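Chemist: Take a look at the letters that make up each chain.
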Amino acid sequence: MDYTLKELMVVAAAREIRDGEIVFVGMRLPLLGFAVAKELHAPRAVGLFENGVVRDWPALAPIFTMSDPPNICRSLSCGGLIDVMSLLQSGRVDLGFIGGGEIDRFGNLNTHWVEENGRRVRLPGSGGAADIASLAGRCIVIMNHERRRFPPKVRFITSPGYGEGRGWREGKNLKGGGPARAITSLGIFSFDSESREMILSSFHPGVSIEEIQRETGWPLKVSDEVRETRSPSVEELAAVRKYDPKGVWTNN
Amino acid sequence: MDYTLKELMVVAAAREIRDGEIVFVGMRLPLLGFAVAKELHAPRAVGLFENGVVRDWPALAPIFTMSDPPNICRSLSCGGLIDVMSLLQSGRVDLGFIGGGEIDRFGNLNTHWVEENGRRVRLPGSGGAADIASLAGRCIVIMNHERRRFPPKVRFITSPGYGEGRGWREGKNLKGGGPARAITSLGIFSFDSESREMILSSFHPGVSIEEIQRETGWPLKVSDEVRETRSPSVEELAAVRKYDPKGVWTNN
Amino acid sequence: MEEGIPRPLEVEEHSNFTIALALQAAGMGLPYLPTRTALGSDFSCGPHFSSIACPFTGEKLLAVRAVAPDVAILHVQRADSEGNAHLWGNLGVTREAAYAAKRVILTCEELVDHEMILGDPNRTLVPGFLVSHVVHARFGSHPSPTQGYARRDDEFYFDYHRQSRSLEGFQEWLRKWVFEAGDHEGYLELLGKERREKLKPGDELFSPAVNFSV
Amino acid sequence: MEEGIPRPLEVEEHSNFTIALALQAAGMGLPYLPTRTALGSDFSCGPHFSSIACPFTGEKLLAVRAVAPDVAILHVQRADSEGNAHLWGNLGVTREAAYAAKRVILTCEELVDHEMILGDPNRTLVPGFLVSHVVHARFGSHPSPTQGYARRDDEFYFDYHRQSRSLEGFQEWLRKWVFEAGDHEGYLELLGKERREKLKPGDELFSPAVNFSV
Chain E
1 MDYTLKELMV VAAAREIRDG EIVFVGMRLP LLGFAVAKEL HAPRAVGLFE
51 NGVVRDWPAL APIFTMSDPP NICRSLSCGG LIDVMSLLQS GRVDLGFIGG
101 GEIDRFGNLN THWVEENGRR VRLPGSGGAA DIASLAGRCI VIMNHERRRF
151 PPKVRFITSP GYGEGRGWRE GKNLKGGGPA RAITSLGIFS FDSESREMIL
201 SSFHPGVSIE EIQRETGWPL KVSDEVRETR SPSVEELAAV RKYDPKGVWT
251 NN
Chain U
1 MDYTLKELMV VAAAREIRDG EIVFVGMRLP LLGFAVAKEL HAPRAVGLFE
51 NGVVRDWPAL APIFTMSDPP NICRSLSCGG LIDVMSLLQS GRVDLGFIGG
101 GEIDRFGNLN THWVEENGRR VRLPGSGGAA DIASLAGRCI VIMNHERRRF
151 PPKVRFITSP GYGEGRGWRE GKNLKGGGPA RAITSLGIFS FDSESREMIL
201 SSFHPGVSIE EIQRETGWPL KVSDEVRETR SPSVEELAAV RKYDPKGVWT
251 NN
Chain Z
1 MEEGIPRPLE VEEHSNFTIA LALQAAGMGL PYLPTRTALG SDFSCGPHFS
51 SIACPFTGEK LLAVRAVAPD VAILHVQRAD SEGNAHLWGN LGVTREAAYA
101 AKRVILTCEE LVDHEMILGD PNRTLVPGFL VSHVVHARFG SHPSPTQGYA
151 RRDDEFYFDY HRQSRSLEGF QEWLRKWVFE AGDHEGYLEL LGKERREKLK
201 PGDELFSPAV NFSV
Chain C
1 MEEGIPRPLE VEEHSNFTIA LALQAAGMGL PYLPTRTALG SDFSCGPHFS
51 SIACPFTGEK LLAVRAVAPD VAILHVQRAD SEGNAHLWGN LGVTREAAYA
101 AKRVILTCEE LVDHEMILGD PNRTLVPGFL VSHVVHARFG SHPSPTQGYA
151 RRDDEFYFDY HRQSRSLEGF QEWLRKWVFE AGDHEGYLEL LGKERREKLK
201 PGDELFSPAV NFSV
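If you read the protein sequences in the order shown, they are chains E, U, Z and C. Residue 235 in the numbering used here sits at position 235 of the first sequence, with consecutive numbering throughout. Residue 110 in the numbering used here sits at position 110 of the second sequence, with consecutive numbering throughout. Residue 55 in the numbering used here sits at position 55 of the third sequence, with consecutive numbering throughout. Residue 120 in the numbering used here sits at position 120 of the fourth sequence, with consecutive numbering throughout.
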């Protein structure tokens, strides 16, 4: 392989962004994915950050937090948190990226606490993830794929996916569309439009469906059209490396 | 008299402002009153305008509306309407000035409609007056004193005074203190702390109590300590004329 | 208007604060916002208000129904062709209206490069993707003022108030300033060069620059 | 913290949006604000949330109880001695916190003349009468950045994260950077001149001035 797994994941995230879309961008991989999409197929996409920043081009320099000066400088707009959350709540954000400590078969995410060796371990909590999961037109989840992170049912719903399945979001009056895709370290998943259950749509090069099943805590549904995840193109890889020249985010 | 009635009213308004107070300023006479108070006894008073402006010194030049550039320029803060209304709603405004088309014995104001010759005449509505009357620590009402404007009960409450008397504001959960004073073209009134009814506390020079009663639509209560309104001092008059040199607001 | 000429209009009574909250609610994507104002005002009996209790304290509040205008027309000093704009001076409910409206039309004193907007992102009114049209219109707020670009035309207001007292006077005013003016260029010409010169503000009073360096 | 060392803390779970709304509610003088977020999130079962119905549409919403902090400590670029301040760059929930808090302490990179604040009233954070204390503290946001004045000290964060993994490491960190530093001057000295120089941002990037002329 002449690319890293994280480069593949960044490219997969970038491919989810359509031109002209309003995107709630997270840090790390989605941030890079946004830059790659802007560079290639979505030059008119606009990025929103929950601190109030709206950008139509990537940050001036590599950043660790969305509030670092290079992400503020020469942004399109730098208002307050409530300004961008208002755009989200009024249905004007097309998609958002989130991650989590645990994800279950209906795409619910837990970033509050997990149990490790019988001890409750505190995770960072919601941040803006519950807001994006509740309100964005569609959500893209980015996860490390390990069995302990893929239980059949999360212990605590921080960021709602489809809850207990079909109709659950509507019953809660959640206006956002819910998870459209999960991009994991092993493959890419979509969600069944009827049952709302996670379905494997592609496995990354060198990963078998069996391995993915082993790392998933419930009997995995596999799409009839399952295939290998398309490798990054030369242009895609060049774009990733332009924005992460030292591999800070994308070295394995 | 070496001063006009309106100069007397401006000075009376100025005297209501204590040093350091946060004042919701209206246009015309209260605006001048604020300038006079700042010049003389209340140098640390701060003026709020419902368009979002906060000033610690009077406008650069005479203005017709609070949004005229001389009222914006070199203000302390120029935010939005909701910013200053939030200060009002959270109880941080000490007093506000309002006027009206009609006022009744409990200090309720009507600026919605009156009947003239059997025809309903539309007035400008609330503007910010209902908000100030509802929420300011105390309210100062400025009125032309004519019998048709002083009915026993207003036909429509735009800006609440004490409603039907004692306890009414508390029943409505109104957080502001209600009218503390009415400065009219004939005299100055306070409000009884028990019954909440308007009480004549001073009559302007040259005006008799009988005349005030004739121009008031209910049997007028008169304070035991009623006296003549104190004439403007030399300093007060000088301050009024400094800010209204052409008498735009204070010529009779 | 009270007589329904040329046709009746439906009026929703508001205070300055409640209409601002109605716009803010729509801009935030909410069906209402609560407030403590107007609890004793007779106009708060309208169907766009509702008496509610706080779910935590039980105290009486007023709910204000959201208002999402079909269109908001807003005047700014600087805009780029994508609708990213700098507004300064008086704000009032401009931002709330821009977030609330289904469509936003910006008129601007100066059409500027995108780069200039990026130079001060804290001053951006709303992101351009909320804006549907940008119109370059010098003196576009006339007879109202625009900080740094136009004084208030007090005489124009006095004239309007005088003429609009009668139906005939108002129609005459309309004929001259709207129908015969035709477009904004015609309107400015009608206003005349001398008057436009008088509306230009005095000495420049520039804000202190701020440093966005990284 | 999970183990209650040195003493237990009560935690209210929020999302970024709900804590911002809780502050906004307090700053607006309201006991709560409604929202559409977190309707399916387990933390919204806490006592500071309540499921409500819109009084107009009947739809399900979430009420967020107001949070009025006892004190807000906010860092700005410029403040005068009365607490009138210019803040630019990242805003987040700074304004909401300033309106919500019972007391506001400002730390500032530069203590400036009142006249400079008046030069750009649109950039004023909050009127000074809401501010109880002003502290002149260069690099006052360290290790976080301040636009135009200080870069983020990434290394300092890495060190802290490393050391705070164990109780002993955290206590050692506290001893050095808090107790022994003593005050802000001591802290800056401990940081060292070289490190402070490295934190200074690069080439100046000034905002375009705006004209407030009348």
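It cannot be assumed that every hint is accurate.
Capping the alpha-carbon separation at 25 Å, the derived lysine-lysine pairs in BS3-like fashion look like this [to be verified]: (1) U:Lys246 - Z:Lys198; (2) E:Lys175 - C:Lys60; (3) Z:Lys176 - U:Lys175; (4) U:Lys175 - C:Lys102; (5) E:Lys6 - E:Lys242; (6) U:Lys153 - U:Lys175; (7) Z:Lys200 - U:Lys246; (8) Z:Lys60 - C:Lys60; (9) Z:Lys102 - C:Lys60; (10) C:Lys102 - Z:Lys60; (11) E:Lys246 - C:Lys102; (12) U:Lys246 - U:Lys6; (13) U:Lys221 - U:Lys246; (14) Z:Lys176 - Z:Lys198; (15) E:Lys246 - C:Lys60.
Worth flagging that the hints you see were computed from the coordinates, not collected in a lab. Keep in mind the model is a prediction, meaning the values are calculated, not measured.
Chemist: Is the Cα-Cα distance between lysine 246 of chain U and lysine 6 of chain U 25 Å or less?
Modeler: holds, 13 Å
Chemist: Starting from lysine 153 of chain U, check that the Cα of lysine 175 of chain U is at most 25 Å away, please.
Modeler: holds, 23 Å
Chemist: Is the Cα-Cα distance between lysine 60 of chain Z and lysine 60 of chain C 25 Å or less?
Modeler: holds, 20 Å
Chemist: Between the alpha carbons of lysine 175 of chain E and lysine 60 of chain C, is the straight-line distance 25 Å or under?
Modeler: holds, 11 Å
Chemist: CA of lysine 246 of chain U to CA of lysine 198 of chain Z, is that 25 Å or under?
Modeler: The given pair, whose Cα atoms are some 21 Å apart, holds under the 25 Å limit.
Chemist: With a cut-off of 25 Å on the C-alpha distance, tell me whether lysine 176 of chain Z and lysine 198 of chain Z pass.
Modeler: Holds - the C-alpha atoms of lysine 198 of chain Z and lysine 176 of chain Z are around 21 Å apart, at most 25 Å.
Chemist: Given the hint that lysine 102 of chain Z pairs with lysine 60 of chain C, test it: the Cα-Cα distance must not exceed 25 Å.
Modeler: Holds, because 23 Å separates the two Cα atoms, which is no more than 25 Å.
Chemist: Hey, lysine 246 of chain E versus lysine 102 of chain C, does the alpha-carbon distance stay inside 25 Å?
Modeler: violated, 46 Å
Chemist: Given the hinted pair lysine 102 of chain C and lysine 60 of chain Z, is their alpha-carbon gap at most 25 Å?
Modeler: Within the cut-off at roughly 23 Å; holds.
Chemist: Compare the distance between the alpha carbons of lysine 175 of chain U and lysine 102 of chain C with 25 Å, and conclude whether the hinted pair is satisfied.
Modeler: holds, 18 Å
Chemist: Is lysine 246 of chain E close enough to lysine 60 of chain C, meaning Cα to Cα at most 25 Å?
Modeler: Distance ~48 Å between lysine 246 of chain E and lysine 60 of chain C Cα, so the pair is violated.
Chemist: Is the straight-line distance between the alpha-carbon of lysine 6 of chain E and that of lysine 242 of chain E 25 Å or less?
Modeler: holds, 15 Å
The structure fails hints 3, 11, 13 and 15 (numbered hints given earlier, in ascending order).
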